Amino acid sequence: KNEVEQSPQNLTAQEGEFITINCSYSVGISALHWLQQHPGGGIVSLFMLSSGKKKHGRLIATINIQEKHSSLHITASHPRDSAVYICAANTGNQFYFGTGTSLTVIP
Amino acid sequence: NAGVTQTPKFQVLKTGQSMTLQCAQDMNHEYMSWYRQDPGMGLRLIHYSVGAGITDQGEVPNGYNVSRSTTEDFPLRLLSAAPSQTSVYFCASSYGRGGSREKLFFGSGTQLSVL
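From first to last, the protein sequence lines stand for chains A and B.
No gaps in the numbering here: position 73 of the first sequence is 91 in this note's numbering, and each next residue is one more.
No gaps in the numbering here: position 98 of the second sequence is 797 in this note's numbering, and each next residue is one more.
In case anyone wonders, no lab produced these hints; they're calculated from the structure.
Note that the structure is a prediction, hence the values are computed from the model and not measured.
Be careful, since some hints might not be right.
[What the hints assert, rightly or not] Below, a list of computed lysine-lysine pairs in the DSSO-like style, where the Cα atoms sit at most 27 Å apart: (1) Lys71/A - Lys802/B; (2) Lys73/A - Lys713/B; (3) Lys72/A - Lys708/B; (4) Lys86/A - Lys73/A; (5) Lys802/B - Lys86/A.
[As the list claims (entries may be wrong)] Distance windows between CB atoms, simulated: (6) Thr704/B - Ser120/A: 20 to 30 Å; (7) Gly762/B - Ser120/A: 22 to 32 Å; (8) Gln32/A - Lys713/B: 43 to 53 Å; (9) Gly762/B - Pro26/A: 30 to 40 Å.
[Said to hold, decoys possible] Listing some non-contacts, in silico: residues in chain B with all C-beta distances to chain A over 12 Å: (10) Gly715; (11) Gln721; (12) Asn727; (13) Leu744; (14) Ser748; (15) Asn764; (16) Glu771; (17) Asp772; (18) Leu777; (19) Ser779; (20) Gln784; (21) Leu814.
C-beta atoms are modelled at their ideal positions from N, C-alpha and C, and glycine is treated no differently.
Sequences are here, hints too, so could you generate the full structure?
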């Protein structure tokens, strides 16, 4: 049983396309995190949200607490956005992670 | 600030050997945690700590020990390595002791192979 499910698993887009990655979770959360894992393996935090919507540059994250669903959007995608995007459900002191969405943006 | 420093980057062990993965942060974060990342399974929480002297188990704690004697350091010990512990290990920290965590800061990872 996976507490966090992501879709799609793999995604290939042309440069400039609008991208959406979805995350559904089954646990009660205090927050939902979106992470980016670079091809070299390093992981950085993109967003932490507990309600509504957050925006940082071309990235937008939304969450619907009632539906237990979050989305990560990338506007005007660029090859440098190619990475694995991971959502994580924060249930206080514990974290549960999705298996990630591997994004490739082609020039 | 160095952020989260994790060592070593690579390690090869023989079955039954012991070792310690080091993790240190200089951001005065209360919360520190260890994860393993396996292909197709995503990150899984091994152990975590909400402050010096306080540790607790995560999703996959068997075969691993931790301690937190200072705010800065949170080492992960493998007492008797097994091939099933071959994985990539990440340490992460965040601000705050309460239920709602701030963003996580990750170390660069340790690729461990147990033969």
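Now the hints, each set against the structure:
no., hint, result
1, Lys71/A - Lys802/B, "16 Å, holds"
2, Lys73/A - Lys713/B, "47 Å, violated"
3, Lys72/A - Lys708/B, "34 Å, violated"
4, Lys86/A - Lys73/A, "20 Å, holds"
5, Lys802/B - Lys86/A, "20 Å, holds"
6, Thr704/B - Ser120/A: 20 to 30 Å, "28 Å, holds"
7, Gly762/B - Ser120/A: 22 to 32 Å, "29 Å, holds"
8, Gln32/A - Lys713/B: 43 to 53 Å, "48 Å, holds"
9, Gly762/B - Pro26/A: 30 to 40 Å, "33 Å, holds"
10, Gly715, "27 Å, holds"
11, Gln721, "18 Å, holds"
12, Asn727, "17 Å, holds"
13, Leu744, "5 Å, violated"
14, Ser748, "9 Å, violated"
15, Asn764, "18 Å, holds"
16, Glu771, "19 Å, holds"
17, Asp772, "19 Å, holds"
18, Leu777, "20 Å, holds"
19, Ser779, "26 Å, holds"
20, Gln784, "18 Å, holds"
21, Leu814, "21 Å, holds"
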